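Protein chains in written order, with this note's numbering: chain A, 1 to 269; chain B, 1001 to 1248.
FYI, nobody ran anything at the bench for these hints, they're computed from the structure. If you're wondering where the values come from, they're calculated on a predicted model, not measured in any experiment. Hints may be right or wrong, so weigh each one.
[What the hints assert, rightly or not] Listed below are several chain B residues computed to face chain A (Cβ distance under 7 Å; list not exhaustive):
{"id": "1", "residue": "1022"}
{"id": "2", "residue": "1047"}
{"id": "3", "residue": "1053"}
{"id": "4", "residue": "1054"}
{"id": "5", "residue": "1072"}
{"id": "6", "residue": "1075"}
{"id": "7", "residue": "1080"}
{"id": "8", "residue": "1105"}
[To be verified] Here are the simulated distance ranges between beta carbons:
{"id": "9", "chain 1": "B", "residue 1": "1234", "chain 2": "A", "residue 2": "27", "range": "21 to 31 Å"}
{"id": "10", "chain 1": "B", "residue 1": "1073", "chain 2": "A", "residue 2": "238", "range": "34 to 44 Å"}
{"id": "11", "chain 1": "B", "residue 1": "1108", "chain 2": "A", "residue 2": "203", "range": "57 to 67 Å"}
{"id": "12", "chain 1": "B", "residue 1": "1057", "chain 2": "A", "residue 2": "184", "range": "40 to 50 Å"}
{"id": "13", "chain 1": "B", "residue 1": "1015", "chain 2": "A", "residue 2": "5", "range": "44 to 54 Å"}
{"id": "14", "chain 1": "B", "residue 1": "1208", "chain 2": "A", "residue 2": "203", "range": "50 to 60 Å"}
{"id": "15", "chain 1": "B", "residue 1": "1131", "chain 2": "A", "residue 2": "29", "range": "16 to 26 Å"}
{"id": "16", "chain 1": "B", "residue 1": "1131", "chain 2": "A", "residue 2": "31", "range": "11 to 21 Å"}
{"id": "17", "chain 1": "B", "residue 1": "1228", "chain 2": "A", "residue 2": "106", "range": "47 to 57 Å"}
{"id": "18", "chain 1": "B", "residue 1": "1161", "chain 2": "A", "residue 2": "118", "range": "30 to 40 Å"}
{"id": "19", "chain 1": "B", "residue 1": "1002", "chain 2": "A", "residue 2": "5", "range": "24 to 34 Å"}
The beta carbon of each residue, even a glycine, is placed where N, CA and C say it ideally should be.
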Amino acid sequence: MSGAYASLRRVWGMMYRHISLYRASWPRLLELAYWPTLQLCIWGFTASFFAARLGNVGAIAAGGLLGGVLLWEVALRTQMGLALGFLEEIWSRNLGHVFVSPLRPWELIAALVGISALRVIVGLAPALLLAWLLYAFNIFSIGLVLIPFVANLMAMGWWVSLGVISLILRHGAGAEALAWSVLFGLTPFSAVFYPVSALPAGLRPIALALPSAHVFEGMRTALAGGGVAWGHLAWATGLNALWLAAAILLFANQFRAARTRGALISIGE
Amino acid sequence: MDVISATALTKRYGKTLAVDGIDFTVPEGETVGLLGGNGAGKTTTIAMLLGLLIPTAGSIFILGHDMARDRFAALAQMNFSSPYVALPSRLTVEQNLRVYCHLYNIRKPTQRIAELADELDLHALLGRAAGELSAGQKTRVALAKSLINRPRVLLLDEPTASLDPDTGDLVRSWLERYRAESGCTILLASHNMGEVERLCSQVLMMKQGRIVDRGSPADLLDRYGRDDLEQVFLDIARNRTAMAEAVS
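Bound-form chain B, shown alone:
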């Protein structure tokens, strides 16, 4: 079953075509990577999936709900994390999580916050103001917020951006474990090729608003004759064609 289905998805800002009629699906329980350079259209695509942005054309169905007509039914089962969106800095971590427990109608907020604090090692942070935390701590709190409703669909926009390798690795390990345990479907936009290679079963390569290639990391490496996704990314960014295409 496809949990996310986007058809002919288009976003135009005046004369600028940010997303150009893309089609993709994300099967249930898989982690799909959205890769592309700056301005490729990844964040715009995620914003449209979340209902923050109304597409110029095309349709989005998430968990069977048409996002143009029935987005709140889907949003209750989804969540999102991005380092570019903050939590109120004067509220404590516990207060912030409690706010989202109410917004997502979590029956036992105290219990859910304690569970997340256990899982993400947040107990020492619960009483601290969100604005006082380090980047790594903020990422863990943002991740806790994004899991508050045990989402069936998780959209992550560069979840490990600006994290040191150790914290980044912890977050990736945690995401792997969560997906395996919960069966959650994840769409991950990232510039970190190692992260995408490690976490994603499928990759959508975006450039100038279009999906220019797609496949599993292994397929892409094979097709471009490269050792890692970073080289594939550079090939696409610099208009080098896939090896398979060149051969044929």
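Looking at chain A on its own, in the form it has when it is part of the complex:
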């Protein structure tokens, strides 16, 4: 059996572990769809209210709001999916078994990336359907450019998660609250609901260092019929590559440090 096949089986083994967990726990499944659907309802009604009063400008703004909600949920759900998957291993005191098997750390991360993608699909499907049924909003109308936008937001979720997991490896389960909160903290700088130009001048460099700000600028351009904003797409992709490389280095460093300190044995404490 080839090494690549064995590696794929190990990745699948960890994915199977998490899929089994979701199959056995309907509250976990419900939680996946709960927040995206709730967010969509709140922002959808807000957007409908403005669209009814402001005419065409309001309709464009409403589209931007709904698109922002749905796409930002992609990043949020991806980030939470990966970080919570790692936390599940800590909560179940299973890390000791997992890391004495031939599973490589990167294979665990690959499995959690796969699970985070599944979480996004399952979590966002009801919200996408509701957006279409309630507000006649179809995010897919953006066209094929939606794919690189979504891929960039997922990539951002992954590197933010790797940063969170690194902090958990360094500071223990006490840092687990970051799994829920850290990406929310980046929302103001991500230009999800307003353009980067709406930010104070001093904060704009922070926004422009984040791939998400470029994705949402590009999304608004596409929704307003301005075509594909290749510049923003290139910036988002380049920044993601940089941040992802930095996060992988940080994770590798903290994983080794955790093995030096014995944190893999006592991390749940």
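Start from chain A and add chain B according to the hints.
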């Protein structure tokens, strides 16, 4: 052939020396006991052997693989069981075992799980969530997990801790049989002196991070002039020297 070889193995946490330059080997097919009080360094030693912990100094070779450079090649042929490490409690026993079949690249998972269920009487437990099991049942499942890849090296950290005498005896009998049939090499850390006396051909006595004595259970009993290993353990824990030493 020595399956496990540790040389000058040291682990330091800040100012605390948890393991202090120990040397030992475990020959193929033997069961070696790692004995010592709380904080003696047994669990730290096992964690280093498993690659969970990076030694401060020294080297470990398992099945000829240097654990500092090539640990995954050895880990595929090893396994581990401890009551202090759990399996995901919401997954069924069957799902848990299937996960590890994938992690250890077992070709026919269903068949392997059925074999282990036969051997360890797990059929009635396969569909139950791991978190619903009693301590004895969990130990049997953990043992099944540790045998999923038919390991050539098995590291056991207090495998019968908190088990009633009957279940503890069943586990020991099963380990004896498995070792005899498979030729597996076992390193067993335990506080249960009767267990060590029964299962182990060699014993390493640890105290404050060092191996302070070693030998077969019979040798140790003879050397300390005692009737059982518990008394030998107490002699070492309370700094009483071996009878042989005292005589000389």
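Now the hints, each set against the structure:
1. 1022: violated (17 Å)
2. 1047: holds (6 Å)
3. 1053: Holds: closest Cβ of chain A sits about 5 Å from residue 1053 of chain B, inside 7 Å.
4. 1054: Interface hint status for residue 1054 of chain B: holds (5 Å vs cutoff 7 Å).
5. 1072: holds (5 Å)
6. 1075: holds (5 Å)
7. 1080: Where the cut-off is 7 Å and the nearest Cβ of chain A is about 5 Å from residue 1080 of chain B, the hint holds.
8. 1105: Hint on residue 1105 of chain B: holds, closest Cβ of chain A at ~4 Å, below 7 Å.
9. B/1234 x A/27: 21 to 31 Å: violated (51 Å)
10. B/1073 x A/238: 34 to 44 Å: Cβ of residue 1073 of chain B to Cβ of residue 238 of chain A: about 38 Å, so the range 34 to 44 Å holds.
11. B/1108 x A/203: 57 to 67 Å: Because 58 Å falls inside the window, the suggested range holds.
12. B/1057 x A/184: 40 to 50 Å: Check passed, 44 Å falls within 40 to 50 Å.
13. B/1015 x A/5: 44 to 54 Å: holds (47 Å)
14. B/1208 x A/203: 50 to 60 Å: holds (56 Å)
15. B/1131 x A/29: 16 to 26 Å: holds (19 Å)
16. B/1131 x A/31: 11 to 21 Å: 19 Å Cβ-Cβ, so the 11 to 21 Å window holds.
17. B/1228 x A/106: 47 to 57 Å: holds (49 Å)
18. B/1161 x A/118: 30 to 40 Å: Cβ of residue 1161 of chain B to Cβ of residue 118 of chain A: about 38 Å, so the range 30 to 40 Å holds.
19. B/1002 x A/5: 24 to 34 Å: holds (32 Å)
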